[in-house]
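*Asks:* Below, each chain spelled out in residue letters.
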Amino acid sequence: MSDLTALSNSYQNWYRFSRNPTAVIGLIIVVVSILAAILAPHITPYPDHAGAFVDFRNRHQPPSWDHWFGTDNVGRDILTRVIFGLRVSLLLAFVVLIIAVPFGTIMGLLAGYFGGWTEIVIMRLTDIALALPPLIMALAVAAVLEPSLMNAMLAIASLWWTWHTRLVYSMVRQIRALEYVEAAETLGASKFHILFREILPNCVSAIAVKTSLDAGFVILVGASLSFLGLGIQPPTPDLGTMVADGAQGLPDYWWESMLPGVSILFVALGFNLLGDGLRDLFDVEDVR
Amino acid sequence: MTAALEIRDLVKTYPVRNAFGRVSGAVRAVDGVSFTIPSGGVYGLAGESGSGKSTIARMIMGLTEPDEGDILIDGVSVLGQGERAKVQMVFQNPGASLNPRRTVGQSIKVPLVAHTYQGDRKGRIGDLLDMVQLPRHFADRYPHELSGGQKQRVAIARALAVSPRLLVLDEPTSALDVSVQAKVIDLLEELGRQLGLTYLFISHDLSLMRNFAQTVGVLYLGKIVETGPVARVFERPGHDYTRLLLASVPVISTEEAAMRPVIPLINGEMPTAEDLMALRAGLNPKETAR
Chain A
1 MSDLTALSNS YQNWYRFSRN PTAVIGLIIV VVSILAAILA PHITPYPDHA
51 GAFVDFRNRH QPPSWDHWFG TDNVGRDILT RVIFGLRVSL LLAFVVLIIA
101 VPFGTIMGLL AGYFGGWTEI VIMRLTDIAL ALPPLIMALA VAAVLEPSLM
151 NAMLAIASLW WTWHTRLVYS MVRQIRALEY VEAAETLGAS KFHILFREIL
201 PNCVSAIAVK TSLDAGFVIL VGASLSFLGL GIQPPTPDLG TMVADGAQGL
251 PDYWWESMLP GVSILFVALG FNLLGDGLRD LFDVEDVR
Chain B
289 MTAALEIRDL VKTYPVRNAF GRVSGAVRAV DGVSFTIPSG GVYGLAGESG
339 SGKSTIARMI MGLTEPDEGD ILIDGVSVLG QGERAKVQMV FQNPGASLNP
389 RRTVGQSIKV PLVAHTYQGD RKGRIGDLLD MVQLPRHFAD RYPHELSGGQ
439 KQRVAIARAL AVSPRLLVLD EPTSALDVSV QAKVIDLLEE LGRQLGLTYL
489 FISHDLSLMR NFAQTVGVLY LGKIVETGPV ARVFERPGHD YTRLLLASVP
539 VISTEEAAMR PVIPLINGEM PTAEDLMALR AGLNPKETAR
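As you go down the protein sequences, you meet chains A and B in turn.
1 is the number of the first residue of the first sequence in this note's numbering; add one for each residue after it.
289 is the number of the first residue of the second sequence in this note's numbering; add one for each residue after it.
Read the hints as simulated data drawn from the structure, not as lab findings.
Any given hint might turn out to be false.
Claimed, not checked - Distance condition first, Cα-Cα at most 30 angstroms in a straight line; then the derived BS3-like pairs of lysine-lysine: (1) A:K191 - B:K397; (2) B:K397 - B:K374; (3) A:K191 - B:K410; (4) B:K410 - B:K471; (5) A:K191 - B:K374; (6) B:K374 - B:K471; (7) B:K511 - B:K374; (8) B:K471 - B:K397; (9) B:K410 - B:K374.
A quick note: this is a predicted structure, and the numbers were derived from the prediction, not measured.
Please model the complete structure; the sequences and the hints are all you need to start from.
*Replies:* Below, the structure written as structure tokens:
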């Protein structure tokens, strides 16, 4: 019985989602990007070009059938390196969000439910963190420690959780005043039960939307960092680094920076469209 | 025999703050309320919105701490006690008091887990659904799949899960259709007889209260202005506010209409209790229509 209703619910949700063309485009972009990144060694035309490969005879080749995105200043296939570069971008987004989202959510739950000093301490911390742009923080961390992907991820994650704290905090403030939370309190339910079983499930849709939108932004910040030379270090392919390197050849060798740049835009756009689509889906559900 | 519930001189005030956050006064939401409910009795607390009915319910449930006074259940003070399994509450709006993301079974299980119910929890949930005359397979349903009356039955089942002695009913039928209201009241009466429950019935619906309660207290601006057996209070209301409440009850038959107190209209509308009391005291209410 419950399986059936759950199934029909998820089918209804999928049907509504599938009627939203931009959301479906977003989902396709995200799924294709993730699959491409995972399967990179198997689907790229020149897998060995991902590393320290040099072929000076074929340097600065414009896009052609052999090299769809052209070649760079040492003759490496740019399409291959873009697909391998996706790995770094998606890994960055994944690691940052897997740290920032749960941590930010728990902080928001605590601040919103308990109030008082807990709220003051946590929310003032988020105020401080929100005053620092993540890019500046990452620059500072890279300057003090050393430029690496791990440091960049930690720097971004250390500030990014605050957005989720703010979101969850504002939702908890509304939900805790609802009767079903009071009902659970009068029934003697534990704080843990109320926070994670009664309140959190009603925040999940908003968190999912925000996480999806965030993935796009984190990818942009990560690309900006590697554009400045503070992300992952060569010869590992990275979209931001490729834009920076290719920019030296502008405007003659436009494909060397333009096409990796467009790829960043494409992936970030995919996550944003998906997030918007999810938001539309959940908004309808809340009204219902 | 000790009373199931005894309320002694309960006071709750809320500070009024001005634009700068300074305390400029206080609202006495509940102002020295006392009453007792004998075991197995039904006490009706009547009053308009803002008269303090829900504040009293919240204090009995421990959601709000009173400023003064005491609350005794079976002769034992419950103030400062976290756990109050002996008293449970049915909320006004069943659409809001059940978590939309949790199934009926999951909602009913909450008090069983909270009060560490030993034994077959699944069976107990089924028994509770039987008690409120819902099919057992409703345990797997979500609240949005249920009607208002069904949801309120679930809320009653949940309140009964830990076998309380006293049930606080905070306007349990005001969010329901009239046809469903009577069914829910019937169910509550039936359960009250079977389980020996004591009810505190909070409502502004006097016609329901006339049928359901034995004793009634009329709450006005945080004070009980009139109290006594239902029949006496409804036939010979002693306070203007009670008359006003009774005059607001829609009636069907001529006998009922004859019982209804006559209230002078002011500007074509029902007067407020202040106006009525001023009129009776021989003062002019603010505006008087010719």
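*Asks:* So, for every hint listed, does it hold in this structure?
*Replies:* Against the structure, the hints:
| no. | hint | verdict |
| --- | --- | --- |
| 1 | A:K191 - B:K397 | 16 angstroms, holds |
| 2 | B:K397 - B:K374 | 17 angstroms, holds |
| 3 | A:K191 - B:K410 | 23 angstroms, holds |
| 4 | B:K410 - B:K471 | 26 angstroms, holds |
| 5 | A:K191 - B:K374 | 20 angstroms, holds |
| 6 | B:K374 - B:K471 | 25 angstroms, holds |
| 7 | B:K511 - B:K374 | 26 angstroms, holds |
| 8 | B:K471 - B:K397 | 25 angstroms, holds |
| 9 | B:K410 - B:K374 | 22 angstroms, holds |
Violation of the numbered hints given earlier is absent; every hint is satisfied by the structure.
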